[in-house]
Amino acid sequence: MLRGALRFRAKPGLLGRGLNTRKGGSTLDWAGKVPEIKKKIQSFLPGGDWNPLYDTSHLPPERTDVVIVGGGVLGLSVAYWLKRLEKQRGAIQVLVVERDHTYSRASTGLSVGGIRQQFSLPENIQLSLFSVDFLRNINDYLAVVDNPPLDLQFNPSGYLLLASEKSAAMMENNVKVQRQEGAKVCLMSPEQLQNKFPWINTEGVALASYGLEGEGWFDPWCLLQGLQRKIQSMGVVFCRGEVTRFVSSSSHMETMSGEEVTLKRIHEVHVKMDHSLEYQPVECAIVINAAGAWSGQIAELAGIGRGPPGTLQGTKLPVEPRKRYVYLWHCPQGPGLETPLVADSSGAYFRREGLGNNYLGGCSPTEEEEPDPGNLEVDHDFFQDKVWPHLAQRVPAFENLKVRSAWAGYYDYNTFDQNGVVGPHPLVVNMYFATGFSGHGLQQAPAVGRAVAELVLEGHFQTINLSSFLFSRFYLGEKVKEHNIF
Amino acid sequence: MAAPRAYLHLVAPLWNGGTRGIRGMSSAVAPEGNQSKWGKLLQFLADRFYDVEALREYLFQKQVSKIHQKNRSFTYIKERYGPYVAGAYFILKQGGAVKFQGKEWIRSSGRGHYSLEFLNFQATPVEAVDASGCAINYQGLDNLLALKELQSLQLQRCPHVDDWCLSRLYQLADSLQELSLAGCPRISERGLACLHHLQKLRRLDISDLPAVSSPGLTRILVEEMLPNCEVLGAEWTEGLKLGPEKQSRGTASPIPA
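Sequence lines, in order, name chains P and A.
First residue of the first sequence: -3, per our numbering; consecutive thereafter.
First residue of the second sequence: 1023, per our numbering; consecutive thereafter.
Hint data in this document are derived by calculation from the structure and do not stem from the laboratory.
A virtual CB, placed ideally from N, CA and C, is assigned to each residue, including glycine.
One or more hints might be untrue.
[To be verified] Per label pair, the in silico range of CB-to-CB distance:
id, chain 1, residue 1, chain 2, residue 2, range
1, P, Lys162, A, Glu1246, 31 to 39 Å
2, A, Gln1083, P, Pro385, 47 to 55 Å
3, A, Ala1157, P, Pro118, 31 to 39 Å
4, P, Glu365, A, Ala1157, 51 to 59 Å
5, P, Lys36, A, Gln1083, 15 to 23 Å
6, A, Lys1084, P, Leu324, 40 to 48 Å
[To be verified] In silico DMTMM-like cross-links for lysine to aspartate or glutamate, where the CA-CA straight-line distance does not exceed 20 Å:
id, chain 1, residue 1, chain 2, residue 2
7, P, Lys475, P, Glu363
8, A, Lys1121, A, Asp1196
9, P, Lys180, A, Asp1164
10, P, Lys192, A, Glu1246
11, A, Lys1115, A, Asp1073
12, P, Lys83, P, Glu454
13, A, Lys1121, A, Asp1164
14, P, Lys398, P, Asp381
15, P, Lys192, A, Glu1245
16, P, Lys475, P, Glu454
17, A, Lys1100, A, Glu1171
18, A, Lys1092, P, Asp136
19, A, Lys1084, P, Asp136
20, A, Lys1125, A, Asp1152
21, P, Lys475, P, Glu316
22, P, Lys382, P, Glu366
23, A, Lys1084, P, Asp142
24, P, Lys477, P, Glu168
25, A, Lys1170, P, Glu209
26, A, Lys1062, A, Glu1079
27, P, Lys83, A, Asp1164
28, P, Lys260, P, Glu250
29, P, Lys382, P, Glu365
30, A, Lys1059, P, Asp142
31, P, Lys180, A, Asp1196
32, P, Lys260, P, Glu279
33, A, Lys1092, A, Asp1073
34, A, Lys1088, P, Glu255
35, A, Lys1062, P, Asp142
36, A, Lys1092, A, Glu1171
37, P, Lys83, A, Asp1073
38, P, Lys382, P, Asp368
39, P, Lys192, A, Asp1196
Build out the structure end to end from the sequences listed, making use of the hints.
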């Protein structure tokens, strides 16, 4: 009878959620009691995690293969691709640890949601191209049987980047690279720009590049929920907790020239539960740092950067949170339905939101004006002083507008070169990074997730070569500068 | 793995259900209240048995790949006969109709037969395409976008034409004068925003688009966006609520301008 109960255990990970939570509203009422009984029987048989002293069902599992620190779009994307590219069903056990299940400070939910291919680095363009492909076929990738299809609310309106005299040559170069990689971008002179978008004031604009296809903006929450739903159906375990400690072991090796190198391997991740001192040590093989704006803190926990400056041991992960404001305003005579996401040469950007003449936008502050990232309070004077003048100069209709609301979010800002960090750390050999994308993480998340999963499963990049985004460039001082960041 | 005997019993009744059963097994399910007993049973089983879930996923993937197969690109025909004949062949195979410049409409009959005389029209551009009800999607649009002199495109009631497809239509901006999107379930106002590239458009039909949230407002914005174009459908009174004194008279009469 016990054996029969065991065979009825349908899928791994189901116990933590209960049979009823998979689909909303089940057929039989008593089915709620049955999994409880089964769980109790399961736990005290050999192999179960029964603890006679207290209930441990809310804790993460005691061992797993991959721990992903951070449950935002990048972390979930890595989890999805790990489960999708694994060689056998159920080969890799993945645990996603996210300390804030409301995602109140996560960059994903607070993002403006744009996606573009207008970058200067070929790798960034390829990442965006694959991500747009992923978003277009999202219902083929993230389909779960019996669940409604996802509606990303994608606006294919494109990006319009404006360049002044001094950046026009660089824009032309960039567009050439973009076209080579397969992005559909066209260059426009000020006259063509005035014809196409009569509401723009083309004074000071020498050249404009306009994305014709595959660019626009979408709803990041929908992508996040779609990923969550799919990876839960694939058997990834979610845990609501905070990573507080890494327990690792070191081994000393010698390089060819006789120098001693200390390699570290993380064995356990201590996951602390919400609002309590209780923690669970999770044994793992690989740790993926996808903690977004807080990746620097996670890296410090692992001992990255603890050493004399100038050496590889002393190179910290240069990712820190930077606060950015987004304002929503209403302008009754503003640009019409065809408005793309316009990014001015001064750094201010805006896009339409919905049908009611509402617009979203903001501006990246200069280094000196960087706001304090301690909280997510909005500075409304910043809009008055720094954003509005540029907007009104570029679009005269914006001279009378009324700000409806505003919010702030973090960029996981890479202070070294504003590009992502992907790949293992040279010394802490089983920590992989998937962070530091400085404001364009959401639009590259599907492709970066696939790249990291390929690295973990195969050992090298297979589809898009992101070797220039490895950690070692911080030590070697090789900046991979992306020119189109705003 | 679940008990294999249970799996074998399940396969027989599913196949007996015919196409309705297969569609029921693999398509997206209606909201909770509308789910039939069959749907609920399938859900119950799929949650408990790996085999049922795998079978359902397999059938779903088969449906998806059927559409992809219909929308493949005909490279051989394109090389041998040219882009116009390839586009015409694609449309006729899907069940639509095509009109070459100076010739009559070529339609496929109800059973999928059509005359092959168009294979001789290699240099004649295609003027009008009627793809109503065809399963064209983003990939299949490749075949249509090669028809650079296309003047009229009817995409009524196409179930897979969505906003992404509309974002590709800018390639026909030089020639397209008439476009009909009536009844397409996946098109929303976000896709209609990309139609501003089609400056030569003279007639646009956007009636009966269920995914557009405010049809009246959308029509006004589209008219502003395309000043030379006549926009049909989506009366501006749709979506407006009648005042309290009119409600007793019923909602059939539109509000006078």
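Each hint, compared with the structure:
The given range of 31 to 39 Å is respected by lysine 162/P and glutamate 1246/A, whose C-beta atoms sit roughly 35 Å from each other. Between glutamine 1083/A and proline 385/P the Cβ separation comes to about 54 Å, which falls inside the hinted range of 47 to 55 Å. Separation of alanine 1157/A from proline 118/P is about 36 Å and conforms to the stated range, judged on CB atoms against 31 to 39 Å. Taking the beta carbon of each, glutamate 365/P and alanine 1157/A are about 54 Å apart, inside 51 to 59 Å as hinted.
At roughly 38 Å, the beta-carbon separation of lysine 36/P and glutamine 1083/A lies outside the given 15 to 23 Å, and the hint is violated. With their beta carbons about 44 Å apart, lysine 1084/A and leucine 324/P fall inside the hinted range of 40 to 48 Å. Among the hinted pairs, lysine 475/P with glutamate 363/P is consistent with the structure: their alpha-carbon atoms are about 18 Å apart, no more than 20 Å. At roughly 18 Å between alpha-carbon atoms, lysine 1121/A and aspartate 1196/A fall within 20 Å of each other, so this suggested pair holds.
Restraint check for lysine 180/P and aspartate 1164/A: the C-alpha separation of about 15 Å stays at or below 20 Å, so the hint holds. Proximity of lysine 192/P to glutamate 1246/A is assessed by CA-CA distance (about 13 Å); at most 20 Å being required, the pair is judged to hold. Restraint check for lysine 1115/A and aspartate 1073/A: not satisfied, since their Cα atoms lie roughly 36 Å apart, outside the 20 Å limit. The hinted pair formed by lysine 83/P and glutamate 454/P meets the criterion: a straight-line CA distance of about 10 Å does not exceed 20 Å.
For the given pair, lysine 1121/A sits about 18 Å from aspartate 1164/A by alpha-carbon distance, which is consistent with the 20 Å threshold. Distance check on the hinted pair: lysine 398/P and aspartate 381/P sit about 15 Å apart at the alpha-carbon level, within 20 Å; holds. Between lysine 192/P and glutamate 1245/A the alpha-carbon distance is near 16 Å, which keeps this suggested pair within the 20 Å criterion. This hinted pair does not check out: lysine 475/P and glutamate 454/P have alpha carbons roughly 27 Å apart, beyond 20 Å.
For a cut-off of 20 Å, the pair hint linking lysine 1100/A to glutamate 1171/A stands: about 16 Å separates their Cα positions. Distance check on the hinted pair: lysine 1092/A and aspartate 136/P sit about 16 Å apart at the alpha-carbon level, within 20 Å; holds. Using a Cα cut-off of 20 Å, the hinted pair lysine 1084/A and aspartate 136/P holds, with the two alpha carbons roughly 11 Å apart. A C-alpha spacing of about 15 Å is found between lysine 1125/A and aspartate 1152/A, which places the hinted pair at or below 20 Å, so the restraint holds.
Our distance criterion of 20 Å between C-alpha atoms is met by lysine 475/P and glutamate 316/P, whose separation comes to about 17 Å. The hinted pair formed by lysine 382/P and glutamate 366/P meets the criterion: a straight-line CA distance of about 12 Å does not exceed 20 Å. Taken as a hint, the lysine 1084/A and aspartate 142/P pair is honoured in the structure, with Cα atoms around 16 Å apart against an allowance of 20 Å. Using a Cα cut-off of 20 Å, the hinted pair lysine 477/P and glutamate 168/P holds, with the two alpha carbons roughly 17 Å apart.
Taking the CA atoms of lysine 1170/A and glutamate 209/P, the gap is near 18 Å; set against the 20 Å cutoff, the hint holds. The suggested pairing of lysine 1062/A with glutamate 1079/A holds, with an alpha-carbon distance near 16 Å, which does not exceed 20 Å. A distance of roughly 34 Å separates the Cα atoms of lysine 83/P and aspartate 1164/A; the hinted pair therefore is violated under the 20 Å criterion. The suggested pairing of lysine 260/P with glutamate 250/P holds, with an alpha-carbon distance near 14 Å, which does not exceed 20 Å.
With a C-alpha separation of about 10 Å, the suggested pair lysine 382/P and glutamate 365/P falls inside the 20 Å cut-off, and the hint holds. For the suggested pair lysine 1059/A and aspartate 142/P, the alpha carbons sit about 14 Å apart, so the restraint of at most 20 Å is met. A C-alpha spacing of about 17 Å is found between lysine 180/P and aspartate 1196/A, which places the hinted pair at or below 20 Å, so the restraint holds. The suggested pairing of lysine 260/P with glutamate 279/P holds, with an alpha-carbon distance near 15 Å, which does not exceed 20 Å.
Between the alpha carbons of lysine 1092/A and aspartate 1073/A the distance comes to roughly 29 Å, so the proposed pair goes past 20 Å and is violated. Restraint check for lysine 1088/A and glutamate 255/P: the C-alpha separation of about 60 Å exceeds 20 Å, so the hint is violated. At most 20 Å may separate the alpha-carbon atoms for a hinted pair to count; lysine 1062/A and aspartate 142/P meet this at roughly 10 Å. Using a Cα cut-off of 20 Å, the hinted pair lysine 1092/A and glutamate 1171/A is violated, with the two alpha carbons roughly 24 Å apart.
Between the alpha carbons of lysine 83/P and aspartate 1073/A the distance comes to roughly 19 Å, so the proposed pair stays at or under 20 Å and holds. For a cut-off of 20 Å, the pair hint linking lysine 382/P to aspartate 368/P stands: about 17 Å separates their Cα positions. Between lysine 192/P and aspartate 1196/A the CA atoms are separated by roughly 15 Å; this keeps the pair inside 20 Å, and the hint holds.
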